[in-house]
Amino acid sequence: MADNIWIIGATMTKFGRYPDKDSVDLASETALGALADAGATIGDMQMLAVGCLLEASNMLGQHLQKQIGQTGIPVFNVANACATGATAVRTAMLSIKAGEADMALAVGVEQMGKMGLLGPAGRERAKPTGFERSGRYGTVMPVEGVLGTQLMPGVFAQAGMEYASHHDGVGFEQFAKVAEKNHAHSTLNPLAQYQKAFSLEEVMGSAMVAYPNTLLMCCPTGDGSAAVVLCSDAKLKTLDPDVRRRAVKISASVLTSDPYVESDTAQPDVSTLTKNAAKTAYEQAGLGPQDLDLVELHDCFATAELIHYENLSLCEPGGAGDFIDRRGPWRDGQTPVNVSGGLISKGHPIGATGVANLYEVATHLRGEAGDRQIEGAKVGLTHVIGLGSACAVHILEKAAS
Amino acid sequence: MSPSMQMSVVDYLVLGDSPHLEANACTSCGALFFDRRNACAKCGKLDFERRPLATSGVVRSYTIIHRAAPNVPVPYVSSVIELDGGGVVKGNLIDAGSDPEKIELGMKVKLTTFGCGVDEEGTEAVAFGFVPA
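Protein chains in written order, with our numbering: chain B, 1 to 401; chain U, 1 to 133.
Read the hints as simulated data drawn from the structure, not as lab findings. Among these hints, one or two may not hold up.
If you only want the chain U side, here are some residues facing chain B, beta carbon under 10 angstroms, derived [claimed, not checked]:
no., residue
1, F48
2, R51
3, A54
4, H66
5, V74
6, D95
7, E120
8, V131
9, P132
10, A133
Where a beta carbon is used, it is the ideal one built from N, C-alpha and C, also for glycine.
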């Protein structure tokens, strides 16, 4: 197809803590890395998209330009919750599709520091003075913990428990097995924030955060960046043979939001938009779940990963519990899921995540993933979801040689 | 001694002799919402009416929260309740303990109210939760 878009450069920092760097440092490192990987310079780029959630209003893309090259090209500063990075990549893609650019750079970055699992919501709240209604619900005081929870560990726990309520054979143990797997996978990934294996008993026995999610079933906060260089089909034909050989095709790129469901009044629906995105992505790519050699999906919590097995059609309807029980998503299983360690162990610097999973899959398709390489990988899928809600699914394919 | 004045903690909780939740119902498609509306998220139409909702329902999902802000008492059970006759709402399961063995998905519950804070003028905020029916 003439309008294919290609990833020709990809890189990421190790995820972790960088107290001595700022987000511009981290973004510069991956931007320059991705450009070098593509054999390109900032002068070749006709568009820049920078995804960062917590500094979305800071013109971070322009600050990045001031470090790596102010060439006057259009800059898009992108924020879309946990789908921020993937949306930045998609924004770059759309510029190429629209014919405004033939090469573009997309960077995802976040500097979260040690903000804690609950972020600002974990801090002590002020005592009430005079009650007065405010906001769209006419609330007189903060209601977190009073009218249920709306913090992420609990919301995703509830999403998982709702799946459990409809399907026998799904419970605490199945959810915990997801984290056992991702921690095990991360021991092979030098870029992961944590690289330590835990037994199922250790996962289930760690501090309970929001049942059934224990601490080892929750992603950490952290810092990091990832970047990709994209180009058009026509541009690719003009590039060096070595760049062409390592190019990875974006066979599908889909962004969805929540369609209305009745339960939106209680909490965001993480499943319908993921199912919709996956269905459209498989159609765009002309591929199905059986064709996938690896998947990097949004395991912000172990409960989330389990329900996405079904949402992405990696298992039969209702079969997510069985899928993990028979080790289907392990790296030597039916469809390896999160061989990077996933968000749970690789880490989740929000804006970087949706670019880093493209880096991960592209690196396997290039055959350059080292110890964690899935041998002979030809097709991979990435998925991110941010509440509430944005979901991005990409399908990547190894270049036909 | 009960405080002289009470206020519901959110305006979709109606107090009085028979406390219940009230939704903004789309007059066109019937979709229910608890917040102030601009238009209907389901059908896009503009007109709404207040509709009282049932005080009984079933537990659609839950989680037991063990980690929260310092002055939020833990553990507590957050749940998603499907009300009989329509409406899905989030609230705590009251006095449900912290043992997942004792909480059943799909179990029948009914609405209850409880005081959740008193301001400097002595007004008590009243919240809702659910108990086994």
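Kindly indicate which numbered hints from before are broken by the structure, ordering the numbers from low to high. 1, 2, 3, 6, 8, 9, 10
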